[in-house]
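Line by line, the protein sequences are chains D and Y.
Here the first sequence stands for residues 254 to 445, numbered as in our numbering.
Here the second sequence stands for residues 254 to 445, numbered as in our numbering.
Quick caveat, the hints were computed from the structure, so don't treat them as lab data.
Ideal placement from N, C-alpha and C gives every residue a C-beta, glycine not left out.
Hints should not be assumed to be uniformly reliable.
[What the hints assert, rightly or not] Here are the simulated distance ranges between beta carbons:
id : chain 1 : residue 1 : chain 2 : residue 2 : range
1  : D       : Ser364    : Y       : Gly328    : 38 to 48 Å
2  : Y       : His416    : D       : Leu288    : 46 to 56 Å
3  : D       : Leu288    : Y       : Lys263    : 33 to 43 Å
4  : D       : Glu430    : Y       : Glu324    : 31 to 41 Å
5  : Y       : Lys261    : D       : Glu430    : 42 to 52 Å
6  : Y       : Arg292    : D       : Glu320    : 30 to 40 Å
7  : D       : Gly362    : Y       : Glu275    : 14 to 24 Å
8  : D       : Ala434    : Y       : Pro419    : 18 to 28 Å
9  : Y       : Asp262    : D       : Gly328    : 32 to 42 Å
10 : Y       : Glu275    : D       : Leu367    : 24 to 34 Å
11 : D       : Ala371    : Y       : Gly331    : 33 to 43 Å
12 : D       : Leu423    : Y       : Ala257    : 45 to 55 Å
13 : Y       : His299    : D       : Leu293    : 31 to 41 Å
In case you want the letters, here they are:
Number of protein chains: 2
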Amino acid sequence: MPRAGLSKDKIIAAAGNLADDEGFDSLTLAAVARLFNVRLPSLYGHVASVHELKKGVALLALHSLAEKTEEAVAGRAGKDALIALVNTHRDFARQHPGLFQASRYPLDGQSAALSGGARLARVNHAMLRGYALGEEDRVHATRLIGSFVLGFSLLELAGSFSHSNPDSELSWKRDVEGLDALFQSWAKEKHS
Amino acid sequence: MPRAGLSKDKIIAAAGNLADDEGFDSLTLAAVARLFNVRLPSLYGHVASVHELKKGVALLALHSLAEKTEEAVAGRAGKDALIALVNTHRDFARQHPGLFQASRYPLDGQSAALSGGARLARVNHAMLRGYALGEEDRVHATRLIGSFVLGFSLLELAGSFSHSNPDSELSWKRDVEGLDALFQSWAKEKHS
DNA sequence: TCGCACAAACTAATGATATTAGGATTGATC
DNA sequence: GATCAATCCTAATATCATTAGTTTGTGCGA
Numbered sequence: 254m255p256r257a258g259l260s261k262d263k264i265i266a267a268a269g270n271l272a273d274d275e276g277f278d279s280l281t282l283a284a285v286a287r288l289f290n291v292r293l294p295s296l297y298g299h300v301a302s303v304h305e306l307k308k309g310v311a312l313l314a315l316h317s318l319a320e321k322t323e324e325a326v327a328g329r330a331g332k333d334a335l336i337a338l339v340n341t342h343r344d345f346a347r348q349h350p351g352l353f354q355a356s357r358y359p360l361d362g363q364s365a366a367l368s369g370g371a372r373l374a375r376v377n378h379a380m381l382r383g384y385a386l387g388e389e390d391r392v393h394a395t396r397l398i399g400s401f402v403l404g405f406s407l408l409e410l411a412g413s414f415s416h417s418n419p420d421s422e423l424s425w426k427r428d429v430e431g432l433d434a435l436f437q438s439w440a441k442e443k444h445s
Numbered sequence: 254m255p256r257a258g259l260s261k262d263k264i265i266a267a268a269g270n271l272a273d274d275e276g277f278d279s280l281t282l283a284a285v286a287r288l289f290n291v292r293l294p295s296l297y298g299h300v301a302s303v304h305e306l307k308k309g310v311a312l313l314a315l316h317s318l319a320e321k322t323e324e325a326v327a328g329r330a331g332k333d334a335l336i337a338l339v340n341t342h343r344d345f346a347r348q349h350p351g352l353f354q355a356s357r358y359p360l361d362g363q364s365a366a367l368s369g370g371a372r373l374a375r376v377n378h379a380m381l382r383g384y385a386l387g388e389e390d391r392v393h394a395t396r397l398i399g400s401f402v403l404g405f406s407l408l409e410l411a412g413s414f415s416h417s418n419p420d421s422e423l424s425w426k427r428d429v430e431g432l433d434a435l436f437q438s439w440a441k442e443k444h445s
């Protein structure tokens, strides 16, 4: 039999696709092994445990999302940048539900600090420079944005909005506009 | 040997406590069986599957949260009611992390519609009556609140706020005040 | 009070997953 | 072409979920 040519990267990439197809929760070493036509224990030469597999997918997801977000925000400012940022998150959640779920897999502080998650927080924070907020308000705004985007994406994905009107698309637009307006008013407040 | 005196309710209540202690993800029929000093298969006389167990805990969690929320909001209006509602959610998440996680266990439409989740959505929506918003804006506001509270609680629980200043408590207050201000401005906007 | 009948809990067995230990084989290297 | 390490495999153990079939409390009627 020829070799399968496994590697940690290939395994994690495949696991990422599997997560998108089947859901991150049902991501399993056994399923990945089947994908490569390899026996389950063979994977242990490359990943140490299911936990490491999932952690790898989580890091991949965070990296990918951070990448997209930085790109989307680049060259924009103010409301324009805000919209680009939040839309990137929401689109990512819808296009990659498995990776999106993976991005919330609990990481130890070490990994988390070096991950795309930290980068993501920085972009978010930097993006808000356009609003001329006070130092602390910018942090509060960063957290507000992050919370809203995460929560909205989760609820939308779970179908929580699909049994009431109007379409969630409208709420999304209205809410983001609202947050923009709020941050502008925070900026003014500072000078009063 | 005397009988253990199991029942679906007892099992699910115990599972809820277990979830809070060990995490909803590691909630298992085997663990519940150990708790009652009973063999694993004995549970099948009362619950049909792990899925039903988890679903039961999810419904319990949603019911409990809805109960607390209704009570907290009762007799309040406007900003006061808003604060009561969001604080109830956040406190619930911190005091019952397992139940909080359980509350996001995917339910079929049937169960979801009859669950505390639907009640929760109604309280949220009703609470916003105090802001004199337009019909659609009230829905948009409901979703904004729900998204923010869920996202903030998740991020805070995951420790995402604990490696930057200031304390998340401050952001929470500032953000909720901000949302209140936003809804007030939406209300005025309507009459302009 | 006796015994019956049903419900509650048990034993036994199967199949999936994760993980470890140790053996074989491929394929690059000298 | 022999060597050797990395790669993949077989075998074995443990935990969990689930089903089938069996024993046994226990409350209720005779």
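Verification of the hints:
1. D/Ser364 / Y/Gly328: 38 to 48 Å: Given about 47 Å between the Cβ atoms, the range holds.
2. Y/His416 / D/Leu288: 46 to 56 Å: violated (36 Å)
3. D/Leu288 / Y/Lys263: 33 to 43 Å: About 42 Å separates the Cβ atoms of D/Leu288 and Y/Lys263, which means 33 to 43 Å holds.
4. D/Glu430 / Y/Glu324: 31 to 41 Å: holds (33 Å)
5. Y/Lys261 / D/Glu430: 42 to 52 Å: This hint holds: roughly 47 Å between Cβ atoms.
6. Y/Arg292 / D/Glu320: 30 to 40 Å: violated (51 Å)
7. D/Gly362 / Y/Glu275: 14 to 24 Å: holds (21 Å)
8. D/Ala434 / Y/Pro419: 18 to 28 Å: 24 Å Cβ-Cβ, so the 18 to 28 Å window holds.
9. Y/Asp262 / D/Gly328: 32 to 42 Å: With Cβ atoms ~58 Å apart, the hint is violated.
10. Y/Glu275 / D/Leu367: 24 to 34 Å: Since the Cβ atoms of Y/Glu275 and D/Leu367 sit about 28 Å apart, the hinted range of 24 to 34 Å holds.
11. D/Ala371 / Y/Gly331: 33 to 43 Å: holds (38 Å)
12. D/Leu423 / Y/Ala257: 45 to 55 Å: Holds, since D/Leu423 and Y/Ala257 (Cβ atoms, about 53 Å apart) stay within the stated range.
13. Y/His299 / D/Leu293: 31 to 41 Å: At roughly 34 Å between Cβ atoms, D/Leu293 and Y/His299 fall inside 31 to 41 Å, so the hint holds.
When held up to the earlier numbered hints, the structure conflicts with 2, 6, 9 and fits the remainder.
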